[in-house]
Amino acid sequence: MLKLKNVAVSLALCGAVAAHAEPVKVGVALDISGPFATIGAETRDGLNLAVERLGSKLGGQPAEFIQQDFAGNPEQANQLVNRFLQRDKIDFFTGPVASNSALAVGPALFAAKVPFLSSNPGPSLFAGKQCSPYFFGVSYQNDTYDEAAGKVANEKGFKNMVLIAPNYPAGKDHIGGFKRLYKGTVKEEIYTKVGQIDYAAEIAQIRAAKPDAVFAFLPAAMGINFIKQYVGSGLKDIPLISPGFTADQDVIEAVGEPTLGMLNTAHWAHDLKVPANVEFVEAFRKKYNGRYPTVYAAQAYDVVMAMDAAVREVGGKVDNREAVIAALKKANFKSVRGEFKYGPNNFPVQNYYLRVVDKDASGKLTNKLVGTVMEKHQDAYVGDCKQ
Amino acid sequence: MDSIFVFEQLLNGLGFGLMLFLLAAGLTLVFGIMDTMNLAHGSLYMAGAYIAARVHEAGGSFVGAVLVAVVATVLVAFVLELLIVRRLYARDHLAQVIATFGVILIADDAVKAIWGPSPVMATTPAALAGPVQLLPELPYPAYRLVLLAVGLLVAIGLYVLVNHTRVGMLVRAGASNRKMAEFMGVRVGRVFSFVFALGAALAALAGALMGPISAVQIGMGEAILIPALVVIVIGGIGSVRGAFVAALLVGLVDTAGRAFLPPLLRSVLPPALAADLGPALAGIAMYVLMAAVLILKPAGLFPARA
Numbered sequence: 001m002l003k004l005k006n007v008a009v010s011l012a013l014c015g016a017v018a019a020h021a022e023p024v025k026v027g028v029a030l031d032i033s034g035p036f037a038t039i040g041a042e043t044r045d046g047l048n049l050a051v052e053r054l055g056s057k058l059g060g061q062p063a064e065f066i067q068q069d070f071a072g073n074p075e076q077a078n079q080l081v082n083r084f085l086q087r088d089k090i091d092f093f094t095g096p097v098a099s100n101s102a103l104a105v106g107p108a109l110f111a112a113k114v115p116f117l118s119s120n121p122g123p124s125l126f127a128g129k130q131c132s133p134y135f136f137g138v139s140y141q142n143d144t145y146d147e148a149a150g151k152v153a154n155e156k157g158f159k160n161m162v163l164i165a166p167n168y169p170a171g172k173d174h175i176g177g178f179k180r181l182y183k184g185t186v187k188e189e190i191y192t193k194v195g196q197i198d199y200a201a202e203i204a205q206i207r208a209a210k211p212d213a214v215f216a217f218l219p220a221a222m223g224i225n226f227i228k229q230y231v232g233s234g235l236k237d238i239p240l241i242s243p244g245f246t247a248d249q250d251v252i253e254a255v256g257e258p259t260l261g262m263l264n265t266a267h268w269a270h271d272l273k274v275p276a277n278v279e280f281v282e283a284f285r286k287k288y289n290g291r292y293p294t295v296y297a298a299q300a301y302d303v304v305m306a307m308d309a310a311v312r313e314v315g316g317k318v319d320n321r322e323a324v325i326a327a328l329k330k331a332n333f334k335s336v337r338g339e340f341k342y343g344p345n346n347f348p349v350q351n352y353y354l355r356v357v358d359k360d361a362s363g364k365l366t367n368k369l370v371g372t373v374m375e376k377h378q379d380a381y382v383g384d385c386k387q
Numbered sequence: 388m389d390s391i392f393v394f395e396q397l398l399n400g401l402g403f404g405l406m407l408f409l410l411a412a413g414l415t416l417v418f419g420i421m422d423t424m425n426l427a428h429g430s431l432y433m434a435g436a437y438i439a440a441r442v443h444e445a446g447g448s449f450v451g452a453v454l455v456a457v458v459a460t461v462l463v464a465f466v467l468e469l470l471i472v473r474r475l476y477a478r479d480h481l482a483q484v485i486a487t488f489g490v491i492l493i494a495d496d497a498v499k500a501i502w503g504p505s506p507v508m509a510t511t512p513a514a515l516a517g518p519v520q521l522l523p524e525l526p527y528p529a530y531r532l533v534l535l536a537v538g539l540l541v542a543i544g545l546y547v548l549v550n551h552t553r554v555g556m557l558v559r560a561g562a563s564n565r566k567m568a569e570f571m572g573v574r575v576g577r578v579f580s581f582v583f584a585l586g587a588a589l590a591a592l593a594g595a596l597m598g599p600i601s602a603v604q605i606g607m608g609e610a611i612l613i614p615a616l617v618v619i620v621i622g623g624i625g626s627v628r629g630a631f632v633a634a635l636l637v638g639l640v641d642t643a644g645r646a647f648l649p650p651l652l653r654s655v656l657p658p659a660l661a662a663d664l665g666p667a668l669a670g671i672a673m674y675v676l677m678a679a680v681l682i683l684k685p686a687g688l689f690p691a692r693a
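Top to bottom, those sequences are chains A and B. 1 is the number of the first residue of the first sequence in my numbering; add one for each residue after it. 388 is the number of the first residue of the second sequence in my numbering; add one for each residue after it.
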């Protein structure tokens, strides 16, 4: 009889364990191929480091990270998210690099009440008119880097500037963000073809305009092409200012020496003296052959840590979505950027820093932290968010 | 807008045109003579750029790196021709496009497997890194002057090869009437292999030389293939002379569109409209040129098959 009772108890225990063993599922849509492949690889590396450091657990619960490539294609991202929702029944979502993909997958996730923690894009729509309690801009709002750059330009006393960006909606958004806080004169606003290779014509225009400085938002290959040709044309004496992505480690590695002295703004720097960050950068460089992390890797790392804290707070009961988003909203984790809080639109109220490309102790080119540009800054769209 | 600015933009246009010519010359030879649409031409361009960048970084000599890139790419092209392209000569264009598009996908993944997904560093040789004072008011990048010179040399070299050598005669014969050339005893297979290797060498040269002023990354070949296709369509498919003239035209029209159109529009239209219209029009200038040429001369400026 006693034996039977023991069996019953152990069966009951088994049942309880089985119920808990259902892992927390995270859908990760990655840009491993396609136009943002370099950034996608950084996102994956930052995310994998965090997963490794947490022992593949979130809040002490076993977790499964379902990673899939969607080639930077919003349509494919949509299909992937549908599969994540219907077949895998995910509890969290993260991953895409670009705003167009984030905008494409947002509505389905919000309808299914699955929290979307952004590891990079912060489209103005999600910060304003279409804000959702299920979207967390763990990274930044798109224009805030440019606002910081505009403020830097004021502080440096640049009275006349030329602004250059690709001719597509994000290009105009970034230029708009820069102009929001810049007080000097915009001599020329140049919009170039998406994917442009040759910038000689624009560089001649810049030389003719004789500005005090140039603001350039040219992501990925466009930035690499432009910076190489700009410096080759002898315009090195006209300072270049850019949002952090145009002068992050991936661009520095591809361009080399010509990036030296580029001013750029970001909400994070690898030499930011925050304990969590020192730990992160050291672990990252150890795992990935001494490579410095980019802001994308740092953001992906933060996203996993944010999930970890939220799952711990709700005691693993991720089915209670109201409790999960309330826990996420507290941002109660050791972020690599230091302490921050979310505004009413779930976008961070945080510091923005100025960085400059310089050489480290071993002569390697990398960004160095210069100082704080804006403290506890909130994006410009929060007023449009009614929630 | 003074005369020096106009002169500088003219030079920029010529430079961009000659870069396109290096790529278009190989493409037009292969398409015109072998009647084979080789989309993988852009992949050969990418191979040239990657190999030159890595060898330059490891070995230090830029000229040596360019030579290694050309030789290595020709070897790759030789294998490609042997394994795949040779089987496509008799097929229709659709089969060729599909097969060579497949080669692009494989090439992109192969490059990713060897050198990783990130763009690699391709530095300008130190002696050419800065500008030279061309005129008192005009510093001009030394490296771009070298590109101009190489582009012109290649154009002259191809002119001599195609018009004044025996090989060139066979090539022209094949381009204007392949069947007749075969009847006259030309070993078309050999001419084809030679032309394919020559095209690959030109693509590799273009890639190696473009590396220091552009991003050496996966997909770089596809991005430049589109203007190169515009060039060979305008020039008349198969004609090297046509490719040369068309490349310079496209280079000049594209540069002029970007440099002069936006300020011109701003002086006649309201600023908001001009700001939207200017870059859009400049972006399509080369396609408008292509449409105009095709309306007047449907076979291009200098059709190889008269």
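In short, the hints are calculated from the structure, not lab data. Here the structure is a predicted model, which means the values were calculated and not measured. No residue lacks a Cβ here, since even glycine has one placed at the ideal position from N, Cα and C. Misleading hints may appear alongside valid ones.
Unchecked claim - Covered, in the sense of this in silico footprint (three residues per stretch, anywhere, with C-beta under 8 Å from a C-beta of chain B), are these stretches of chain A:
1) 134-146
2) 191-198
3) 252-261
What the hints assert, rightly or not - Quick list of simulated restraints, FRET-style, between CB atoms:
4) R53(A) - L521(B): 29 to 37 Å
5) Y168(A) - A678(B): 19 to 27 Å
6) D271(A) - E524(B): 36 to 44 Å
7) S654(B) - R53(A): 53 to 61 Å
8) R553(B) - V194(A): 41 to 49 Å
9) G544(B) - Q130(A): 54 to 62 Å
10) E75(A) - A678(B): 50 to 58 Å
11) K129(A) - R473(B): 20 to 28 Å
12) K57(A) - A497(B): 31 to 39 Å
13) K329(A) - S654(B): 27 to 35 Å
Claimed, not checked - Quick list of in silico lysine to any residue cross-link-like pairs, SDA-like style, CA-CA up to 25 Å:
14) K368(A) - M508(B)
15) K172(A) - K368(A)
16) K499(B) - Q68(A)
With a cut-off of 8 Å between beta carbons, are at least three residues of the region 134-146 of chain A near chain B? Since three or more residues must qualify, the claim that chain B covers the region 134-146 of chain A is violated, with 0 doing so at under 8 Å.
Using the beta carbons of S654(B) and R53(A), state whether their distance is inside 53 to 61 Å or not. Taking Cβ atoms as reference, S654(B) and R53(A) lie about 60 Å apart, which means the hint holds.
Range hint 20 to 28 Å: satisfied by the CB atoms of K129(A) and R473(B)? 58 Å, violated
Do R53(A) and L521(B) keep their Cβ atoms within the hinted range of 29 to 37 Å? 56 Å, violated
Are K368(A) and M508(B) close enough, with their CA atoms no more than 25 Å apart? 21 Å, holds
Can the restraint linking K499(B) and Q68(A) be considered satisfied, given a maximum Cα separation of 25 Å? 17 Å, holds
CB-CB spacing for A497(B) and K57(A) relative to the 31 to 39 Å hint: At 37 Å between Cβs, range holds.
8 Å C-beta test of the region 252-261 of chain A against chain B, three or more residues: Held - the region 252-261 of chain A has 5 residues with a Cβ nearer than 8 Å to chain B, which meets the minimum of three.
Sort out whether K368(A) lies within 25 Å of K172(A), counting only the CA atoms. At roughly 28 Å apart (the allowed maximum being 25 Å), K368(A) and K172(A) break the hint.
Go check the region 191-198 of chain A versus chain B for me, would you? Three or more residues, Cβ under 8 Å, otherwise it fails. Result for this restraint: holds, n = 6.
Could you check the hint for me, namely that R553(B) and V194(A) are 41 to 49 Å apart, CB to CB? 46 Å, holds
Does the hinted range 27 to 35 Å hold for K329(A) and S654(B) at CB? 53 Å, violated
The structure fails to meet hints 1, 4, 10, 11, 13, 15 from the earlier list, while all remaining hints are met.
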